[in-house]
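So the protein lines, in turn, are chains A and B.
Its first residue numbered 0, the first sequence is counted upward by one per residue in numbering that gives the first Met the number 0.
Its first residue numbered 0, the second sequence is counted upward by one per residue in numbering that gives the first Met the number 0.
Bear in mind the hints are in silico, worked out from the structure with no lab data behind them.
None of the values given here were measured: they were computed from a predicted structure.
From the three backbone atoms N, C-alpha and C, an ideal C-beta is built for every residue, glycine too.
A couple of the hints might just be wrong.
As the list claims (entries may be wrong) - Not the full set, but computed from the structure, chain A residues with beta-carbon under 10 Å of chain B: (1) I179; (2) N183; (3) S184; (4) R186; (5) A469; (6) E554; (7) A556.
In case you want the letters, here they are:
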Amino acid sequence: MDAKRGTLWWKILLWLLPAAFLLVFFYQPLAAILRLAFSKPLAGPEQSAALGLTANTFAFTLWQALLSVLLTLLVGLPAAYLFSHFEFAGRKLLRLTALLPFILPTVVTAVCFNTLLGPRGWLNLGLMALFKLTEPPVRMLDSLPAILLAHVFYNSSVIIRIVGGAWSRLDRKLTQAAQILGANSWRVFWEVTLPLLLPAIGGASLLVFLFDFTSFGVVLMLGGPRFATLEVEIYTQALYLFNLPLAGLLSLVQLVFTLLVAWLHSRLSQPRYGKSALSAERANLRRPKTRAEKAFTLVVVLVLAALTLLPLLSLVSRSVVSLEAERGARGEAQTGFTLRYYRELFHNPSGSLFYVPPAAAVRNSLLYAGATMLIANLLGLLTSYALRCSGRLSRWLEPLFILPLGASAVTLGLGFVIVFRRPPWDALSFSLLIPFAHALVALPLVVRTLLPALRGIPDSLRQAAGTLGAGWARVFREVDLPLLLRPLLVSMVFAFTISLGEFGASSFLSTGSNPTIPVAIYRYISQPGALNYGQALAMSTILLLVCAFGSLIIEKARLPGEELF
Amino acid sequence: MLEIRDITKSYEGKPLLEGISFSVREGETVCLLGESGSGKSTLLRVIAGLEEAESGTLWWDGEEISRMPAHKRGFGLMFQDYALFPHRSVQENVGFGLRMLGLPRAEVRARSRSALAMVRMEGFADRTVTELSGGEQQRVALARALAPDPRLLMLDEPLGALDHALRKQLIGELRRILHDSRKTAIYVTHDREEAFGLADTLMLLGKGRIAQAGTAAELFERPVNAWAAGFLGLGNLIPGVVAGLAPLRVNTALGTFRVDACFQEWEIGREVRLLLRPRDAQVLSGQSERENQFPARVQDSLFMGENYQSELRAGEYPLLIQTEMPLEVGAEMKVAFPSDKLSCLEVE
Numbered sequence: 000m001d002a003k004r005g006t007l008w009w010k011i012l013l014w015l016l017p018a019a020f021l022l023v024f025f026y027q028p029l030a031a032i033l034r035l036a037f038s039k040p041l042a043g044p045e046q047s048a049a050l051g052l053t054a055n056t057f058a059f060t061l062w063q064a065l066l067s068v069l070l071t072l073l074v075g076l077p078a079a080y081l082f083s084h085f086e087f088a089g090r091k092l093l094r095l096t097a098l099l100p101f102i103l104p105t106v107v108t109a110v111c112f113n114t115l116l117g118p119r120g121w122l123n124l125g126l127m128a129l130f131k132l133t134e135p136p137v138r139m140l141d142s143l144p145a146i147l148l149a150h151v152f153y154n155s156s157v158i159i160r161i162v163g164g165a166w167s168r169l170d171r172k173l174t175q176a177a178q179i180l181g182a183n184s185w186r187v188f189w190e191v192t193l194p195l196l197l198p199a200i201g202g203a204s205l206l207v208f209l210f211d212f213t214s215f216g217v218v219l220m221l222g223g224p225r226f227a228t229l230e231v232e233i234y235t236q237a238l239y240l241f242n243l244p245l246a247g248l249l250s251l252v253q254l255v256f257t258l259l260v261a262w263l264h265s266r267l268s269q270p271r272y273g274k275s276a277l278s279a280e281r282a283n284l285r286r287p288k289t290r291a292e293k294a295f296t297l298v299v300v301l302v303l304a305a306l307t308l309l310p311l312l313s314l315v316s317r318s319v320v321s322l323e324a325e326r327g328a329r330g331e332a333q334t335g336f337t338l339r340y341y342r343e344l345f346h347n348p349s350g351s352l353f354y355v356p357p358a359a360a361v362r363n364s365l366l367y368a369g370a371t372m373l374i375a376n377l378l379g380l381l382t383s384y385a386l387r388c389s390g391r392l393s394r395w396l397e398p399l400f401i402l403p404l405g406a407s408a409v410t411l412g413l414g415f416v417i418v419f420r421r422p423p424w425d426a427l428s429f430s431l432l433i434p435f436a437h438a439l440v441a442l443p444l445v446v447r448t449l450l451p452a453l454r455g456i457p458d459s460l461r462q463a464a465g466t467l468g469a470g471w472a473r474v475f476r477e478v479d480l481p482l483l484l485r486p487l488l489v490s491m492v493f494a495f496t497i498s499l500g501e502f503g504a505s506s507f508l509s510t511g512s513n514p515t516i517p518v519a520i521y522r523y524i525s526q527p528g529a530l531n532y533g534q535a536l537a538m539s540t541i542l543l544l545v546c547a548f549g550s551l552i553i554e555k556a557r558l559p560g561e562e563l564f
Numbered sequence: 000m001l002e003i004r005d006i007t008k009s010y011e012g013k014p015l016l017e018g019i020s021f022s023v024r025e026g027e028t029v030c031l032l033g034e035s036g037s038g039k040s041t042l043l044r045v046i047a048g049l050e051e052a053e054s055g056t057l058w059w060d061g062e063e064i065s066r067m068p069a070h071k072r073g074f075g076l077m078f079q080d081y082a083l084f085p086h087r088s089v090q091e092n093v094g095f096g097l098r099m100l101g102l103p104r105a106e107v108r109a110r111s112r113s114a115l116a117m118v119r120m121e122g123f124a125d126r127t128v129t130e131l132s133g134g135e136q137q138r139v140a141l142a143r144a145l146a147p148d149p150r151l152l153m154l155d156e157p158l159g160a161l162d163h164a165l166r167k168q169l170i171g172e173l174r175r176i177l178h179d180s181r182k183t184a185i186y187v188t189h190d191r192e193e194a195f196g197l198a199d200t201l202m203l204l205g206k207g208r209i210a211q212a213g214t215a216a217e218l219f220e221r222p223v224n225a226w227a228a229g230f231l232g233l234g235n236l237i238p239g240v241v242a243g244l245a246p247l248r249v250n251t252a253l254g255t256f257r258v259d260a261c262f263q264e265w266e267i268g269r270e271v272r273l274l275l276r277p278r279d280a281q282v283l284s285g286q287s288e289r290e291n292q293f294p295a296r297v298q299d300s301l302f303m304g305e306n307y308q309s310e311l312r313a314g315e316y317p318l319l320i321q322t323e324m325p326l327e328v329g330a331e332m333k334v335a336f337p338s339d340k341l342s343c344l345e346v347e
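So here's chain B without its partners, still in its complex pose:
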């Protein structure tokens, strides 16, 4: 369907996108996940035709569309702050794209009604958009983008401006709507919860490139490097140096770690990061000894509902771990991470 080839763009002289390539299959929801300033919105605007890339091409079903003006691409875009037309009613907003298609008035009316029904806003058709709440505006914007039945739907941080509770609820709804309409969609966000909740395929955008692409589970289990793991918030990253191979051993300030789960080749002396996931931590009692153990001191212990999240200090590193029981603040203890749960990651 959509194919993006080698898109480059700079902003105020600095490279923003450095050769982005990926493709989107029919009916698939692709999430572009990246920090603010990573160029993900710009990439979306390039695909929409609102901005021009410095190089690279866009293809749709084998036809090049890089130079096609935005209004002819037949894509839908939902803006971050919705960009609803303040001088038109809810229904007129939703019907705008249908009118541009040159549809007869009755059909415009019927189809904008059904688009409003899809987002459960039927009762709001004659309201002015300025009197809607943030969540209502969000729904109207979605209905407006969906109404002309675009061949590609793009969403630019559509939940960014909403509060947490509403966001959670709307992620579910968006999922239902994207699934029911079987739309091909690109969803841009910096929030991994949204990305994990919505994406068929996740693209991690960092430093102008796609750092990693895959399903949410793949990214979660096998982050491509320390930056990806950090951005996804997977756990503690401890710097170290490869000291032995087969089995892999890594020297760190907290001692030497043995790593069994290993997905790539390493060489001795290579600088790496160890990923210690909070859920894998084992707190040792008494004199018991395990591999990959090190001493730590409890700084804080928070009840999270299901379990406890404790903040420890191990040497110079802060360390987050999950435990079943609360830990006593100030207590000295040993913590271990099983060697088959550790990941060794490249620095970049």
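Chain A extracted, bound-state conformation:
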């Protein structure tokens, strides 16, 4: 009796801290946005203009997201087939580099494509040198193709991982059974493989759609002034035009729509056919044999390498090459190896337009990322434990924890500005809220990493430890903790890298004198001048390397057989 009441109290305590956190840092800002959105009457010429802008922005956001998803599928599905069926040279490396973009900060992605396709990028430099041109011939930036390309770069790994994972675990006997019953390979695909993969394809597509729909950094930096998604428009309206009510309205539209998609996604990702379509182990990979298989492998590998490796290499290489011709008079481009951009990061020469030494941004970001890692994982662990036990309490409270999934970083930033940017918070202490916003952004991924791992620990283990004389704290230390160690490492790396690269909320929260790395990169790259450009590249490269290291840890530490997402 006492023990039972004791566990109930524990449960309530488990819920309490995450619930309080969400209430203060998520639901309060959310309520403020709602209040703001409805603060003005819905009639009048000004309002109808606002509604028109909202409708247009929504339409464009939807359109580019749909296009991006289609293109991502076009690249991702063949790659998923390749990774789930064939063994080939460079498979591991390619798999890893395909994961990297997923955790790469949006800002770095934008800079990557800038170094490849931008006016100062390799493509244009090459063409200018080749044809002795004085103007960059390719104007890929500030266009829809640039946005789409970056989105495909970003999300093809989602398709590869989810669909490829499902494909490799699809019971081969099912397709063989169809074959024996007289189906040729085309019919086997249409009648068996595709229907069984459809839940995975649908789930992955919706996830990609969600990422593309809420895309901010990429659209802001690669889309130019002509293209704005809801996120970018919220940012512009709030920070440049100070039209907070319109920003609130846009946020509301964004929130409702993303929630709808997130709900659809959770409905779709429920297992449809139980375990019957999955075999216990992955099918064996084989080397491509026929000429067609070899050609297919080659083409997919080349496309993937061009899509993922090229932008990354382009950034790294461009960050260590100086082009003297950029200084002033155009002429023969003198290229040379240099580490100047990196050195400049650590002292602020008078020549630089910038009032903040980049080193300060690095320091800020590292501090915020460390704090985010701790906050997000503490909350994530508590939330996972609370969600693990299914009871009436969980069923009532679970939706409260699901809702933040639908909120975008920019919406969050806007909410923070409305609620907290006033006394007693001054400019400095306001930016101290960054880790809290980042923790909210990271929380969904943290919970998604920890919860399945936690649910995977059979209760009988804890009970066995209990009957052997371990108290609850001892059980946690001896059973749960060792088994959670790897997932915890993964979720910590996730939280850390998400915080390092977070741009949407940070662009609202970081003050002029105290930027984070992505905010600083955005400022540098928006300025003219070779040095500013170079410093943006140098900082991006550093972020890239941190993320590459992070994705290596994630790949090594994730539980075998567990797919991410």
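With chain A's structure known, arrange chain B on it following the hints.
Here is chain B on its own, set in the frame of chain A:
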């Protein structure tokens, strides 16, 4: 009908099938009996066209089919774990092969109904396969394999996943269905009870080769070697050396045995195994003497329903025997095996 010639295949560099040849006559049920890992399922998959042999050929009615893709062979295969399509209903599963034949919808429907009737699953047509029990799935899988009327039906341990009682019942049903449909069939199993119950011809598969082929009775009475006898569970195998010919005498740690039932030539000094079947054991009382007798001590005596099975220890060998009466545990006694019931077997 089906002729298999010299099939070889290796798995991860180790030879799995080393020159398998046999043929299957029309309407015959051939059982491939072998331990797990003996390559029997692989052989089945080669015949089905799901895997390619490294060498050897397959023939059907004089036509070579080694390179024919699986979907054109017109064979049926029932998988060990059934491999029912989880996204289709029972009837759609059964009708799949019929649709692949391009039959009109009405005929697909009628024929899948009658296939379901054959396995007594008519009432389940609209169920989803995931909600069926193991035995029901097994029947649906059989109906699916039979529905397109394949020229050869292959069954890969179809009863493997079921419990003992259900298995016994289904062996009977399978026999009825195979007999009624007069299908040519290859049945793969590691369970001799299934094999004895179903096979017209039994093929004993061991070490990559067919160790012995014949009817169940032939295999039972005249196992080709000690391995076959051991795998079929025929009885106690005692190592010995041939000591005399005509009559055949074998020296063992339990004494010298005289063997009258002899089917092959032996030479002196040859290492052999004696097969002592439990049912042939005679327990001697008092001072009576018989040929082929030796002392043993009772370890355990179990009531088996019809009779008693006792576990004895003779020298260093454990010995199973059948008796009418229970034996007292711990008792010392003499056991004899009549010389006309003993078999002398090659080691391999």
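Evaluation of the provided hints:
Among the interface hints, the one on A/I179 holds; its C-beta lies about 5 Å from the nearest C-beta in chain B, closer than the 10 Å criterion. The interface hint given for A/N183 holds, since its Cβ lies 5 Å from the closest Cβ of chain B, which is under the 10 Å cut-off. Taking 10 Å as the C-beta contact cut-off toward chain B, the hint placing A/S184 at the interface holds, the least distance being around 8 Å. With its C-beta approaching chain B no nearer than about 7 Å, A/R186 sits inside the 10 Å limit, and its interface hint holds.
Because the closest C-beta pair between A/A469 and chain B is about 37 Å apart, greater than 10 Å, the hint is violated. The beta carbon of A/E554 comes no nearer than 27 Å to any beta carbon in chain B, farther than 10 Å, and the hint placing it at the interface is violated. Below 10 Å, beta-carbon pairs count as interface contacts, and A/A556 has none with chain B, the closest being about 29 Å; its hint is therefore violated.
Hints 5, 6 and 7 from the list above are not met by this structure, while the remaining hints are.
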